[in-house]
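First to last, the sequence lines map onto chains B and E.
Sequence positions in the first sequence follow numbering that gives the first Met the number 0 and run 0 to 233.
Sequence positions in the second sequence follow numbering that gives the first Met the number 0 and run 0 to 233.
Heads up, some of the hints might be wrong.
Claimed, not checked - With a Cα cut of at most 30 Å, we get these calculated DSS-like pairs of lysine-lysine:
no., chain 1, residue 1, chain 2, residue 2
1, B, K147, B, K114
2, E, K31, E, K114
3, E, K83, B, K133
4, B, K83, E, K117
5, B, K173, E, K179
6, E, K114, B, K158
7, E, K173, B, K72
8, E, K144, E, K117
9, B, K83, E, K83
10, B, K30, B, K133
11, E, K123, B, K173
12, E, K133, B, K172
13, E, K83, B, K21
14, B, K114, B, K148
15, B, K72, B, K21
16, E, K173, B, K83
17, E, K173, B, K133
18, E, K172, B, K71
19, E, K172, B, K179
20, B, K71, B, K179
21, B, K133, E, K133
22, B, K197, B, K148
23, E, K133, B, K158
24, E, K31, E, K123
25, E, K172, B, K133
26, E, K158, E, K179
27, B, K197, E, K133
28, B, K197, B, K172
29, B, K31, B, K60
30, B, K123, B, K148
31, B, K179, E, K173
Claimed, not checked - Derived DEER-like restraints, expressed as beta-carbon distance ranges:
no., chain 1, residue 1, chain 2, residue 2, range
32, E, K21, B, H54, 49 to 55 Å
33, B, F61, E, K114, 14 to 20 Å
34, B, P177, E, K71, 23 to 29 Å
35, E, K114, B, L27, 36 to 42 Å
36, B, G203, E, K148, 53 to 59 Å
37, E, K21, B, M145, 39 to 45 Å
38, E, D51, B, R139, 55 to 61 Å
39, E, K173, B, F61, 36 to 42 Å
40, B, M145, E, K173, 40 to 46 Å
Please keep in mind that the hints were generated in silico from the structure rather than gathered at the bench.
Positions of the beta carbon are idealized from the N, C-alpha and C atoms, including for glycine.
Protein chains: 2
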Amino acid sequence: MNVFYCPDLSENSFSLSLEESKHCIKVLRHKKDDEIYVCNGDGNLVVARIVDANHKSTNCKFLKDISPTSTKKHRIHIAIAPTKNMDRIEWFVEKCCELGIDEISFIQTEHSERKVLKIDRLEKRAISAMKQSKSFQLARINEMKMFKKVLPSLEADQKFIAYVDNDNPDTLKKLVSPEKSYCVLIGPEGDFSPTEVKSAREAGFIPISLGQNVLRTETAGVVACHSLNFINDY
Amino acid sequence: MNVFYCPDLSENSFSLSLEESKHCIKVLRHKKDDEIYVCNGDGNLVVARIVDANHKSTNCKFLKDISPTSTKKHRIHIAIAPTKNMDRIEWFVEKCCELGIDEISFIQTEHSERKVLKIDRLEKRAISAMKQSKSFQLARINEMKMFKKVLPSLEADQKFIAYVDNDNPDTLKKLVSPEKSYCVLIGPEGDFSPTEVKSAREAGFIPISLGQNVLRTETAGVVACHSLNFINDY
Numbered sequence: 000m001n002v003f004y005c006p007d008l009s010e011n012s013f014s015l016s017l018e019e020s021k022h023c024i025k026v027l028r029h030k031k032d033d034e035i036y037v038c039n040g041d042g043n044l045v046v047a048r049i050v051d052a053n054h055k056s057t058n059c060k061f062l063k064d065i066s067p068t069s070t071k072k073h074r075i076h077i078a079i080a081p082t083k084n085m086d087r088i089e090w091f092v093e094k095c096c097e098l099g100i101d102e103i104s105f106i107q108t109e110h111s112e113r114k115v116l117k118i119d120r121l122e123k124r125a126i127s128a129m130k131q132s133k134s135f136q137l138a139r140i141n142e143m144k145m146f147k148k149v150l151p152s153l154e155a156d157q158k159f160i161a162y163v164d165n166d167n168p169d170t171l172k173k174l175v176s177p178e179k180s181y182c183v184l185i186g187p188e189g190d191f192s193p194t195e196v197k198s199a200r201e202a203g204f205i206p207i208s209l210g211q212n213v214l215r216t217e218t219a220g221v222v223a224c225h226s227l228n229f230i231n232d233y
Numbered sequence: 000m001n002v003f004y005c006p007d008l009s010e011n012s013f014s015l016s017l018e019e020s021k022h023c024i025k026v027l028r029h030k031k032d033d034e035i036y037v038c039n040g041d042g043n044l045v046v047a048r049i050v051d052a053n054h055k056s057t058n059c060k061f062l063k064d065i066s067p068t069s070t071k072k073h074r075i076h077i078a079i080a081p082t083k084n085m086d087r088i089e090w091f092v093e094k095c096c097e098l099g100i101d102e103i104s105f106i107q108t109e110h111s112e113r114k115v116l117k118i119d120r121l122e123k124r125a126i127s128a129m130k131q132s133k134s135f136q137l138a139r140i141n142e143m144k145m146f147k148k149v150l151p152s153l154e155a156d157q158k159f160i161a162y163v164d165n166d167n168p169d170t171l172k173k174l175v176s177p178e179k180s181y182c183v184l185i186g187p188e189g190d191f192s193p194t195e196v197k198s199a200r201e202a203g204f205i206p207i208s209l210g211q212n213v214l215r216t217e218t219a220g221v222v223a224c225h226s227l228n229f230i231n232d233y
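Construct the entire structure; sequences and hints are all you get.
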């Protein structure tokens, strides 16, 4: 089952984006009158008929709503310092989107090696992972901002900061309660600075460990995401 | 702290491999009389002194055993059909080794697209992930074998087979008990064939789901590994 993505499915007739149209008509060779599946990234999935098989803007007519019912009662937001290596960031986004994540924020921290981050490629990777996972929920991906500036705006029922502290006996597993909204901060390769940890604690973030092994930044992000989904899975 | 790898630390004097020697002397520019850390991949970590700073074969003298005490009471073995894309297999190996895994077997299944798999690169990736994670436990990586042939030799307290079956309500989370040895079978992109599922069930493997989202092969492998570690983490 191939699923296409179109953020606005509110009208009876809609057109796929340039990218999705190309994939639908040029790659998968769909024709006029073919029935396809289209999701809006917000949990909705519809059956539609191709009215105009234009490879730049495929026009479709809504046929039927077949959205799965969601029983999800938790919300995951990860705010992470992107790694120097772009492949590792892309991989983090892909895997979290496959596993299920609601929001990803990129933060620039004192020890960040990466000062610039283009999110277009990451958004494409997120769309493709959403289709692959059949979750039909597209994560919101926020442009990179200074950690200090973004910190006060990070709201959740449970807020955690993961950093290397061998004296901290608290694990995510110990502290997390199910069916909550969560925000987890993940630092860069050189970790958060003591000042950053202090401000995060003052803003209500609780220090946690993600287990005994020392994890790379992107692995820590995926592990936090999977752990929270795992705790909430029935 | 840079850690080097030498599988045999039983003697008072030992030499690093070509690769490790190059890294130690050429890359990190260690000199004669420097003290370095060396692990054997079996949980042992020692302090050693460089006696001969040869970049092809660095000779070291044992000084002190500083092996961490392990409280690990579980064992993870994942038998997986490698993906067509080599990057995804390498990523799977790296992430499992970071998270902690004891054994990885590669299986060739009916729907496998990949017929050949060289494991040298994977072993290097495993060594580097072991050093990064500071676990000092090196996973055993087994050459690819036919699924049918390897199936009878896969032994564990709890054996699971993960495949796509929308009617299966059993998740890994529901069925797993802590402090056991586990073996999990992960199929290729096209999944296990019905015959393969049947033989696995006959061999004592219990069908499980890894959650609601459809996961790529390599993601399923990492998720299985992390879930088992998570359940066993205190």
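Query raised in the report: Could one say that the CB atoms of E:K21 and B:H54 fall in the range 49 to 55 Å?
Result: holds, 52 Å
Query - Holds or violated: B:K83 to E:K117, with C-alpha atoms at most 30 Å apart - result: holds, 29 Å
Query raised in the report: Between B:P177 and E:K71, is the Cβ distance one that fits in 23 to 29 Å?
Result: Once the Cβ atoms are compared, 27 Å apart, the range 23 to 29 Å for E:K71 and B:P177 holds.
**Report entry** Distance restraint between E:K83 and B:K21, which requires alpha-carbon spacing of 30 Å or less
**Finding:** holds, 25 Å
**Report entry** Restraint status (C-alpha distance of B:K147 to B:K114 at most 30 Å)
**Finding:** holds, 15 Å
Query raised in the report: If you draw a straight line from the CA of B:K197 to the CA of B:K172, is it 30 Å or shorter?
Result: holds, 22 Å
Query raised in the report: Is 55 to 61 Å a correct range for the gap between the Cβ atoms of E:D51 and B:R139?
Result: holds, 57 Å
Query raised in the report: CA of E:K172 to CA of B:K179, is that 30 Å or under?
Result: With Cα atoms ~19 Å apart, E:K172 and B:K179 stay inside 30 Å; holds.
Query raised in the report: So does E:K114 sit 36 to 42 Å from B:L27, Cβ to Cβ?
Result: violated, 27 Å
**Report entry** Distance restraint between B:K173 and E:K179, which requires alpha-carbon spacing of 30 Å or less
**Finding:** Given that 30 Å is the threshold and the Cα spacing comes to 21 Å, the pair holds.
Query raised in the report: Taken at face value, is the distance from the CA of B:K172 to the CA of E:K133 at most 30 Å?
Result: holds, 21 Å
Query raised in the report: Taking only the CA atoms, is the gap from E:K173 to B:K72 under or equal to 30 Å?
Result: holds, 19 Å
Against the hints set out earlier in the document, violations occur for numbers 2, 6, 11, 15, 16, 21, 33 and 35.
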